[in-house]
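Undergrad: Could you put together the complete structure from these sequences and hints?
Listed below, chain by chain, are the residues.
There are 2 protein chains.
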Amino acid sequence: MPTSTATVRPVLIAGQWRDANFSDTYQATDPNKNERLAAEFPVSSWQDCDEALNAAVDAARQLRKLPSAKIAEFMERYADRIDAAKDSLVESAFAETGLGKSPRLADVELPRTSNQLRAAAKACRTGNWAMATIDTAAGIRSVFEPLGPVCVFGPNNFPFAFNSVSGGDFAAAIAAGNPVIAKANSSHPETTRLLAEQAAEALTETGLPAATVQLIYRTSHADGERLVSDARTGATGYTGSRGAGLALKAAADKAGKPIYLELSSVNPVAITPAALAERGDEIVGEFITSVLMGTGQFCTNPGMVMLVKGEATDKFIASVTDKFKSSPAGTLLSPAVAKSLSSSIKKLCDFGAELLTGGGEPESGRCAYANTLLKTTASEFLSNPEGFQTEAFGNASLLVVADSVEQLCAAIGHLEGNLTGCLYTAKDGSDEDAASAISFELTPKVGRLLNDKMPTGVAVSAAMNHGGPYPATGHPGFTAVGVPGSLVRFGKLTSFDNVRPNRLPAILQDKNPTGETWRLVDGKWTTAEVA
Amino acid sequence: MPTSTATVRPVLIAGQWRDANFSDTYQATDPNKNERLAAEFPVSSWQDCDEALNAAVDAARQLRKLPSAKIAEFMERYADRIDAAKDSLVESAFAETGLGKSPRLADVELPRTSNQLRAAAKACRTGNWAMATIDTAAGIRSVFEPLGPVCVFGPNNFPFAFNSVSGGDFAAAIAAGNPVIAKANSSHPETTRLLAEQAAEALTETGLPAATVQLIYRTSHADGERLVSDARTGATGYTGSRGAGLALKAAADKAGKPIYLELSSVNPVAITPAALAERGDEIVGEFITSVLMGTGQFCTNPGMVMLVKGEATDKFIASVTDKFKSSPAGTLLSPAVAKSLSSSIKKLCDFGAELLTGGGEPESGRCAYANTLLKTTASEFLSNPEGFQTEAFGNASLLVVADSVEQLCAAIGHLEGNLTGCLYTAKDGSDEDAASAISFELTPKVGRLLNDKMPTGVAVSAAMNHGGPYPATGHPGFTAVGVPGSLVRFGKLTSFDNVRPNRLPAILQDKNPTGETWRLVDGKWTTAEVA
Numbered sequence: 000m001p002t003s004t005a006t007v008r009p010v011l012i013a014g015q016w017r018d019a020n021f022s023d024t025y026q027a028t029d030p031n032k033n034e035r036l037a038a039e040f041p042v043s044s045w046q047d048c049d050e051a052l053n054a055a056v057d058a059a060r061q062l063r064k065l066p067s068a069k070i071a072e073f074m075e076r077y078a079d080r081i082d083a084a085k086d087s088l089v090e091s092a093f094a095e096t097g098l099g100k101s102p103r104l105a106d107v108e109l110p111r112t113s114n115q116l117r118a119a120a121k122a123c124r125t126g127n128w129a130m131a132t133i134d135t136a137a138g139i140r141s142v143f144e145p146l147g148p149v150c151v152f153g154p155n156n157f158p159f160a161f162n163s164v165s166g167g168d169f170a171a172a173i174a175a176g177n178p179v180i181a182k183a184n185s186s187h188p189e190t191t192r193l194l195a196e197q198a199a200e201a202l203t204e205t206g207l208p209a210a211t212v213q214l215i216y217r218t219s220h221a222d223g224e225r226l227v228s229d230a231r232t233g234a235t236g237y238t239g240s241r242g243a244g245l246a247l248k249a250a251a252d253k254a255g256k257p258i259y260l261e262l263s264s265v266n267p268v269a270i271t272p273a274a275l276a277e278r279g280d281e282i283v284g285e286f287i288t289s290v291l292m293g294t295g296q297f298c299t300n301p302g303m304v305m306l307v308k309g310e311a312t313d314k315f316i317a318s319v320t321d322k323f324k325s326s327p328a329g330t331l332l333s334p335a336v337a338k339s340l341s342s343s344i345k346k347l348c349d350f351g352a353e354l355l356t357g358g359g360e361p362e363s364g365r366c367a368y369a370n371t372l373l374k375t376t377a378s379e380f381l382s383n384p385e386g387f388q389t390e391a392f393g394n395a396s397l398l399v400v401a402d403s404v405e406q407l408c409a410a411i412g413h414l415e416g417n418l419t420g421c422l423y424t425a426k427d428g429s430d431e432d433a434a435s436a437i438s439f440e441l442t443p444k445v446g447r448l449l450n451d452k453m454p455t456g457v458a459v460s461a462a463m464n465h466g467g468p469y470p471a472t473g474h475p476g477f478t479a480v481g482v483p484g485s486l487v488r489f490g491k492l493t494s495f496d497n498v499r500p501n502r503l504p505a506i507l508q509d510k511n512p513t514g515e516t517w518r519l520v521d522g523k524w525t526t527a528e529v530a
Numbered sequence: 000m001p002t003s004t005a006t007v008r009p010v011l012i013a014g015q016w017r018d019a020n021f022s023d024t025y026q027a028t029d030p031n032k033n034e035r036l037a038a039e040f041p042v043s044s045w046q047d048c049d050e051a052l053n054a055a056v057d058a059a060r061q062l063r064k065l066p067s068a069k070i071a072e073f074m075e076r077y078a079d080r081i082d083a084a085k086d087s088l089v090e091s092a093f094a095e096t097g098l099g100k101s102p103r104l105a106d107v108e109l110p111r112t113s114n115q116l117r118a119a120a121k122a123c124r125t126g127n128w129a130m131a132t133i134d135t136a137a138g139i140r141s142v143f144e145p146l147g148p149v150c151v152f153g154p155n156n157f158p159f160a161f162n163s164v165s166g167g168d169f170a171a172a173i174a175a176g177n178p179v180i181a182k183a184n185s186s187h188p189e190t191t192r193l194l195a196e197q198a199a200e201a202l203t204e205t206g207l208p209a210a211t212v213q214l215i216y217r218t219s220h221a222d223g224e225r226l227v228s229d230a231r232t233g234a235t236g237y238t239g240s241r242g243a244g245l246a247l248k249a250a251a252d253k254a255g256k257p258i259y260l261e262l263s264s265v266n267p268v269a270i271t272p273a274a275l276a277e278r279g280d281e282i283v284g285e286f287i288t289s290v291l292m293g294t295g296q297f298c299t300n301p302g303m304v305m306l307v308k309g310e311a312t313d314k315f316i317a318s319v320t321d322k323f324k325s326s327p328a329g330t331l332l333s334p335a336v337a338k339s340l341s342s343s344i345k346k347l348c349d350f351g352a353e354l355l356t357g358g359g360e361p362e363s364g365r366c367a368y369a370n371t372l373l374k375t376t377a378s379e380f381l382s383n384p385e386g387f388q389t390e391a392f393g394n395a396s397l398l399v400v401a402d403s404v405e406q407l408c409a410a411i412g413h414l415e416g417n418l419t420g421c422l423y424t425a426k427d428g429s430d431e432d433a434a435s436a437i438s439f440e441l442t443p444k445v446g447r448l449l450n451d452k453m454p455t456g457v458a459v460s461a462a463m464n465h466g467g468p469y470p471a472t473g474h475p476g477f478t479a480v481g482v483p484g485s486l487v488r489f490g491k492l493t494s495f496d497n498v499r500p501n502r503l504p505a506i507l508q509d510k511n512p513t514g515e516t517w518r519l520v521d522g523k524w525t526t527a528e529v530a
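As given, the protein sequences belong to chains A and B, one line each in that order.
One point on numbering: in numbering that gives the first Met the number 0, the residue at position 439 of the first sequence is 438, and numbering is uninterrupted.
One point on numbering: in numbering that gives the first Met the number 0, the residue at position 70 of the second sequence is 69, and numbering is uninterrupted.
Misleading hints may appear alongside valid ones.
Pairs count within a copy or across copies, as identical chains cannot be separated in the list.
[To be verified] Once the Cα atoms are required to be at most 20 Å apart in a straight line, the calculated EDC-like pairs of lysine to aspartate or glutamate come out as:
{"id": "1", "residue 1": "K85", "residue 2": "D18"}
{"id": "2", "residue 1": "K253", "residue 2": "E385"}
{"id": "3", "residue 1": "K308", "residue 2": "D430"}
{"id": "4", "residue 1": "K64", "residue 2": "E405"}
Calculated directly from the structure, the hints in this document are not laboratory data.
A quick note: this is a predicted structure, and the numbers were derived from the prediction, not measured.
TA: Take a look at the structure:
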């Protein structure tokens with residue numbers, strides 16, 4: 000093991016910021032300069048994982064004995080601290096990701112993150128996520144309980160809102176009563192460290208077990224697979240590339256450990272000729288905003304537009320092409336993203352997609368790639384649906400032009416599972432038959448169906464599904480965003496059969512523990528006490 | 000392919016009872032005589048699976064267009080038909096399983112089966128399983144929708160209530176709006192065929208797609224794995240042995256297809272000395288009834304009893320041993336079950352368990368094995384926890400005697416996931432500390448915790464969890480029994496974002512579709528219309 004030096008950042012294990020056990024280090028890159036940042040982060044050896052797991056098991060036992068309100072207090076305190084530390088967090092995230100400081104990082108993503116923690120805290124406090132169910136006649140009561148230590152692997156594209164130590168999976172796992180072992184995304188380790196510092200302080204302030212939140216920066220692939228499949232692990236949340244996610248899934252599945260994955264998605268947008276004839280310019284504007292925002296680096300970026308040939312479609316294509324050309328290419332998150340985008344575009348061209356604008360090599364002075372628009376026909380798509388669904392993560396999109404609505408429907412029938420699917424039709428209702436046919440094919444393929452709206456906004460709503468059929472995620476029944484839905488992923492269903500009243504968890508006793516907790520009592524949802 | 004003959008039973012595919020494509024046949028055994036029954040059943044080739052999958056995809060599309068009430072009507076009609084066909088079903092099930100005609104088959108299991116279908120029909124009709132969620136401010140509404148064709152593999156021990164064509168998984172999959180491809184359990188194919196005949200008639204009578212229910216009797220292992228991982232399959236429900244289940248799980252996981260498994264479980268029962276001192280005879284009686292009922296062939300059979308050494312425990316062991324000796328050994332379901340039980344007992348003895356009574360070889364004139372009671376110490380258990388958790392499915396149980404409550408808790412800490420865990424303590428509350436310590440360890444290990452009650456009853460209740468941590472099942476968040484909970488396994492979460500009101504599924508429109516459907520509207524559960 001190399002000797003740790005002052006520049007190698009410490010890991011957070013069992014409540015201590017201490018030197019990592021590591022065999023290698025890495026640095027993040029400032030994508031605006033394509034230059035490595037100074038701070039070095041350790042690639043932890045298994046020993047760090049092992050110690051984190053032991054500490055997490057102990058924390059999980061302690062957390063089970065604490066009232067939910069204590070956990071909620073921690074989350075709320077942490078949220079306040081994130082808000083207070085805004086300036087330094089935004090500076091760090093900007094340096095590591097190149098995402099805009101304002102409004103994106105400071106005014107959109109950071110408040111979303113602290114508010115997401117507060118919403119999860121509220122669900123934790125009421126227990127409304129836990130589906131308390133009481134059958135007085137049978138003498139059986141059930142509820143979702145904590146599952147045990149949760150490993151969270153965050154993605155590169157949201158340094159706050161999906162960060163492994165502050166984002167959606169983190170908030171859900173903690174609110175469900177579990178400790179988290181966070182694995183930083185390698186593109187923004189310093190931002191993750193700064194967040195973890197706030198989390199650690201908030202833990203101390205609220206008296207939660209110190210190992211409720213732990214942080215390592217990176218492991219070998221083999222140790223990552225060992226971590227998600229370890230007997231001490233309760234479950235894993237992962238957001239990122241398909242390849243790495245499926246390797247973790249294989250390991251977790253084999254060990255019988257739940258793993259929730261958010262992988263790739265091309266997010267098809269179907270637009271009928273009548274919609275374009277009616278409000279083509281408006282739709283062009285909505286599409287351009289959605290597809291180029293954040294340099295297209297959203298899980299729900301509209302990477303495929305499905306059209307039916309004709310005059311209005313030709314006009315749409317010409318207009319979008321112009322706007323792709325005239326819009327400046329945004330900065331990408333990292334050299335890896337630029338390289339991957341370039342490689343995906345090359346693949347799509349090799350499969351026969353026509354390059355309308357963009358393509359080429361990544362810029363050298365910063366992490367960037369030309370806004371890229373590609374086109375193919377639905378019949379070509381149908382000849383190689385897998386190839387044409389290659390995700391080009393970033394400021395790129397593929398237009399698929401069908402001969403007819405029927406052919407467009409056939410193409411949709413060959414789509415893989417996606418997070419979202421959009422349908423734009425005429426507002427005057429003149430193409431309701433087409434709308435109906437397309438919706439029927441599209442709905443089973445997507446986690447969220449949108450009408451007359453682009454997919455990039457992901458509201459934190461009880462009705463949100465940020466999920467979808469495989470391979471968009473690993474299971475079609477769970478959402479990664481939305482309170483209380485996202486919490487149940489990290490719960491274990493427990494039924495209490497004839498259990499003596501004084502031994503029941505508070506949420507299952509006759510008295511409603513908060514006076515506002517929703518429980519399914521003898522077939523009726525109510526906040527009342529059990530009579 | 001052998002020419003089919005009059006004695007080879009037909010499969011039910013795409014609404015037709017037709018000759019199977021098969022390479023081999025098999026016969027069930029009458030376990031009371033240890034003799035093969037006359038009827039021959041085909042081992043279908045992939046062609047049958049392929050045709051069933053195509054028909055199921057088509058049926059799934061048609062079902063999505065039908066109102067839930069139509070599906071509910073089918074299930075209710077089918078339930079009535081099962082009740083009407085009771086005599087022939089009971090005769091067949093008795094011949095194939097040796098389970099008692101009355102009360103077990105005729106008066107307990109058959110009514111449970113038809114009532115389970117009716118309960119699922121009710122959940123289907125109201126949509127109360129589908130968790131309709133409406134966020135009026137965000138304009139987002141979500142609901143669980145059908146997932147697509149469901150393959151169901153039923154177990155040997157419940158020819159009606161868990162039958163792949165009439166049992167819990169079947170009812171849940173159909174009620175969630177999915178067609179079922181049923182794979183008969185090889186121990187009772189004729190009973191399964193008779194049930195499928197009733198299902199097919201009920202489909203015709205209620206106008207549902209004929210391929211809503213299809214039946215094959217057996218496939219090769221490879222074709223089974225292909226079936227659960229096929230792109231056309233939505234999900235799989237499996238109840239049975241761990242080995243076969245894990246092979247299917249590996250195939251399904253790799254393809255990203257949900258699979259719900261109910262595998263093995265030893266169902267630990269912890270009994271404190273104070274409970275035995277207080278009411279030892281009573282507990283002996285409850286245990287004997289539970290462990291020998293149905294010749295111990297329940298998923299929730301109490302296969303392990305955890306005790307603390309002492310006088311009351313010695314008396315309990317002596318009394319249970321006497322009762323095991325004096326009770327007649329019941330008939331086992333099949334030669335395979337007798338062989339497997341004998342093999343498991345041998346293993347446990349090899350690991351060092353002491354044989355208190357029973358053991359030996361299976362009987363030859365019928366499928367049976369001596370009532371078998373084994374004993375070990377908690378310290379021996381702790382030296383080989385995996386070995387001592389070998390499931391001995393049938394009329395057998397292992398007593399684990401600890402030196403202290405602390406040691407008993409340590410042993411529990413090494414248990415695998417189980418369906419159930421029971422705790423018997425003194426009713427006078429004198430050992431509440433022990434109860435608390437044991438419960439704390441036992442709860443995370445089990446899907447259902449019981450107090451002062453044996454685990455073999457599995458009520459169909461909204462609060463029932465017939466599930467549990469791996470390897471009892473494949474996921475700790477789902478139940479295989481209980482309406483509406485079991486249905487959500489076969490649902491896909493879909494969010495409708497800004498979708499035009501007229502295009503929303505009925506359950507998500509402002510008007511409550513039945514007037515009694517529970518929906519989470521703006522954070523409150525209600526049956527009211529959206530204001």
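Undergrad: A separate judgement is required for each hint: does it hold in the structure or not?
TA: Results for each hint:
no. : hint        : in the structure
1   : K85 / D18   : neither (27 Å within a copy, 71 Å between copies)
2   : K253 / E385 : between (27 Å within a copy, 17 Å between copies)
3   : K308 / D430 : within (15 Å within a copy, 78 Å between copies)
4   : K64 / E405  : between (58 Å within a copy, 18 Å between copies)
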